[in-house]
Amino acid sequence: MNGATRDWMPSTSAELVRLRGRVLRDIRGWFWERDVTEVDTPALSSGAATDPNITSFAVRNGDTLYYLQTSPEFPMKRLLAAGSGDIYQVCHVFREGEAGTRHNPEFTMLEWYRVGLDMHGMMDDMESLIGAICAGRRRVGRSVRITYRQLMTDVTGLDPFGADEAELAGALDVAGVDLPKGLEGDRDGLLDLVLAALVEPTLDPEQPVFVHDFPASQAALARVRPGTPPVAERFELFLGGMELANGFHELADPGEQQARFERDLARRCADGRTAPPMDRRFLDALRAGLPDCSGVALGLDRLMMFLAGADSIRDVLTFDISRA
Amino acid sequence: MATYSTSEFRSGLKILIDRDPCIIVENEFVKPGKGQAFNRVRIRNLKTGRVVDKTFKSGDSVEAADVVDTDMQYLYADGEFWHFMVPDTFEQYAADANAVEVARQWLKEQDVCQVTLWNNSPLTVTPPNFVELKIVQTDPGVRGDTAQGGVKPATLETGAVVKVPLFVEEGEVIKVDTRTGEYVSRVKE
Numbered sequence: 001m002n003g004a005t006r007d008w009m010p011s012t013s014a015e016l017v018r019l020r021g022r023v024l025r026d027i028r029g030w031f032w033e034r035d036v037t038e039v040d041t042p043a044l045s046s047g048a049a050t051d052p053n054i055t056s057f058a059v060r061n062g063d064t065l066y067y068l069q070t071s072p073e074f075p076m077k078r079l080l081a082a083g084s085g086d087i088y089q090v091c092h093v094f095r096e097g098e099a100g101t102r103h104n105p106e107f108t109m110l111e112w113y114r115v116g117l118d119m120h121g122m123m124d125d126m127e128s129l130i131g132a133i134c135a136g137r138r139r140v141g142r143s144v145r146i147t148y149r150q151l152m153t154d155v156t157g158l159d160p161f162g163a164d165e166a167e168l169a170g171a172l173d174v175a176g177v178d179l180p181k182g183l184e185g186d187r188d189g190l191l192d193l194v195l196a197a198l199v200e201p202t203l204d205p206e207q208p209v210f211v212h213d214f215p216a217s218q219a220a221l222a223r224v225r226p227g228t229p230p231v232a233e234r235f236e237l238f239l240g241g242m243e244l245a246n247g248f249h250e251l252a253d254p255g256e257q258q259a260r261f262e263r264d265l266a267r268r269c270a271d272g273r274t275a276p277p278m279d280r281r282f283l284d285a286l287r288a289g290l291p292d293c294s295g296v297a298l299g300l301d302r303l304m305m306f307l308a309g310a311d312s313i314r315d316v317l318t319f320d321i322s323r324a
Numbered sequence: 001m002a003t004y005s006t007s008e009f010r011s012g013l014k015i016l017i018d019r020d021p022c023i024i025v026e027n028e029f030v031k032p033g034k035g036q037a038f039n040r041v042r043i044r045n046l047k048t049g050r051v052v053d054k055t056f057k058s059g060d061s062v063e064a065a066d067v068v069d070t071d072m073q074y075l076y077a078d079g080e081f082w083h084f085m086v087p088d089t090f091e092q093y094a095a096d097a098n099a100v101e102v103a104r105q106w107l108k109e110q111d112v113c114q115v116t117l118w119n120n121s122p123l124t125v126t127p128p129n130f131v132e133l134k135i136v137q138t139d140p141g142v143r144g145d146t147a148q149g150g151v152k153p154a155t156l157e158t159g160a161v162v163k164v165p166l167f168v169e170e171g172e173v174i175k176v177d178t179r180t181g182e183y184v185s186r187v188k189e
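Protein chains in written order, with this note's numbering: chain U, 1 to 324; chain Y, 1 to 189.
Do not take every clue at face value.
[Stated by the list, open to error] In the DSSO-like style, the derived pairs of lysine-lysine whose C-alpha atoms are separated by at most 27 angstroms in a straight line are: (1) Y:Lys54 - U:Lys181; (2) Y:Lys14 - Y:Lys54; (3) U:Lys181 - Y:Lys57; (4) Y:Lys47 - U:Lys181.
[What the hints assert, rightly or not] If you only want the chain Y side, here are some residues facing chain U, beta carbon under 7 angstroms, derived: (5) Ser7; (6) Arg10; (7) Val30; (8) Gly33; (9) Lys34; (10) Gly35; (11) Gln36; (12) Thr55; (13) Phe56; (14) Lys57.
Just so you know, these hints were derived from the structure itself, not from any lab.
All C-beta atoms, glycine included, are put in the ideal place defined by N, C-alpha and C.
Go ahead and model the full structure; you've got the sequences and the hints to work with.
Okay, here's the thing in structure tokens:
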């Protein structure tokens with residue numbers, strides 16, 4: 001090759017470039033038929049996600065620091081509070097340090113909100129969209145819904161709401177998964193590893209599985225439904241052996257939202273991570289009033305992986321991070 | 001002390017695990033939902049050859065193993081150690097029996113091998129992919145049997161025993177693939 005490199009070329013195939021174009025057209029058609037408005041919000045924001053496990057890219061405009069969105073959630077909710085009605089968006093989002101066979105630091109998200117729908121209504125919506133996009137492309141089984149508690153109990157024999165840290169660590173040990181340093185007393189971290197290492201591999205890759213009612217400590221931006229124990233009205237969709245989407249019955253209480261942001265930031269500081277400013281304008285929008293709604297974010301690249309039967313996200317990206 | 005963050009993990013990276021030098025064979029980044037991210041890593045212990053799976057919290061660091069591969073010429077064995085030399089600098093290194101366990105049956109004086117140094121002492125020795133060695137003992141073959149693809153054992157000058165075609169004779173030099181231990185061809189001198 002006379003020393004010339006070939007990394008100018010796409011990491012995907014011409015066929016998959018075309019497939020993505022057609023999938024995007026079908027997604028837009030699906031929302032058009034349901035009178036959901038496509039919106040376009042800024043990727044830069046002066047406030048950032050406070051999520052303890054997600055890191056935003058910080059960029060400068062002169063002396064002012066901005067953050068690249070890790071999801072379009074805050075500006076989309078500001079639109080909802082301003083009276084937009086049902087909206088959706090297809091956009092690029094950015095998460096620092098996330099790279100692997102299912103992760104790229106920059107990826108495409110399909111996010112949408114439905115006013116007046118609860119968590120189960122949103123799962124119905126998602127099921128219908130997945131069916132429409134997969135039709136004629138890849139067969140999918142009937143979707144099932146299972147609570148987080150039931151799924152974890154079925155696979156590990158442990159009740160995720162009752163088991164203590166030692167029992168969770170024991171379940172990992174029995175399965176031959178060594179315990180990473182610093183995870184011993186971290187309950188949510190242990191639950192995350194059990195879910196990723198023990199539970200996910202048991203799910204049928206051909207069947208959409210909706211897991212819902214997460215522990216309240218993992219509510220993120222979802223409402224918590226009181227009860228014993230209280231649970232987060234949050235769901236995740238698993239398909240093709242991957243987590244494809246995450247949805248919430250959206251938290252609308254500004255006081256509770258601010259308290260969660262503050263807790264997140266304290267956790268980030270304790271973990272030695274950066275603590276970016278919380279999004280003041282988003283909190284102001286909640287104070288003005290967010291309509292009762294549910295929302296979901298779907299990783300479009302992973303949906304493409306499922307449709308194409310691809311093993312790595314790079315196979316469906318035009319140019320993955322190593323070629324960006 | 002050099003360290004690597006999990007974000008630098010990739011196949012081939014050499015790290016210290018439980019004070020042993022290891023090489024990363026596979027690295028998978030996993031992150032459930034909005035939860036904690038992990039690197040699930042398959043590593044091979046360079047001392048024992050054992051392959052094990054380890055899990056790290058993403059963002060954690062591990063100590064780098066000071067392991068380098070250097071091409072060296074094999075000089076001689078003194079009964080206890082096998083001696084190698086870096087051709088450019090004439091620097092010499094002595095490898096023990098553990099380090100040459102796999103390579104020793106292919107080592108011929110003056111051949112260039114890859115010596116893996118850990119903290120500047122030989123950890124493993126990898127012979128050239130192909131070596132040319134003289135047959136010191138093999139039974140005479142019967143011409144005509146070659147059509148059946150018959151083979152016979154032959155002992156080489158280094159002590160290694162390989163299967164050779166029946167037409168190959170004692171005293172001949174043959175080319176052997178050290179990765180499979182298989183005969184490749186006769187070498188005309």
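Results for each hint:
| no. | hint | result |
| --- | --- | --- |
| 1 | Y:Lys54 - U:Lys181 | holds (11 angstroms) |
| 2 | Y:Lys14 - Y:Lys54 | holds (14 angstroms) |
| 3 | U:Lys181 - Y:Lys57 | holds (7 angstroms) |
| 4 | Y:Lys47 - U:Lys181 | holds (23 angstroms) |
| 5 | Ser7 | holds (5 angstroms) |
| 6 | Arg10 | violated (10 angstroms) |
| 7 | Val30 | holds (5 angstroms) |
| 8 | Gly33 | holds (5 angstroms) |
| 9 | Lys34 | holds (5 angstroms) |
| 10 | Gly35 | holds (3 angstroms) |
| 11 | Gln36 | holds (4 angstroms) |
| 12 | Thr55 | holds (5 angstroms) |
| 13 | Phe56 | holds (5 angstroms) |
| 14 | Lys57 | holds (5 angstroms) |
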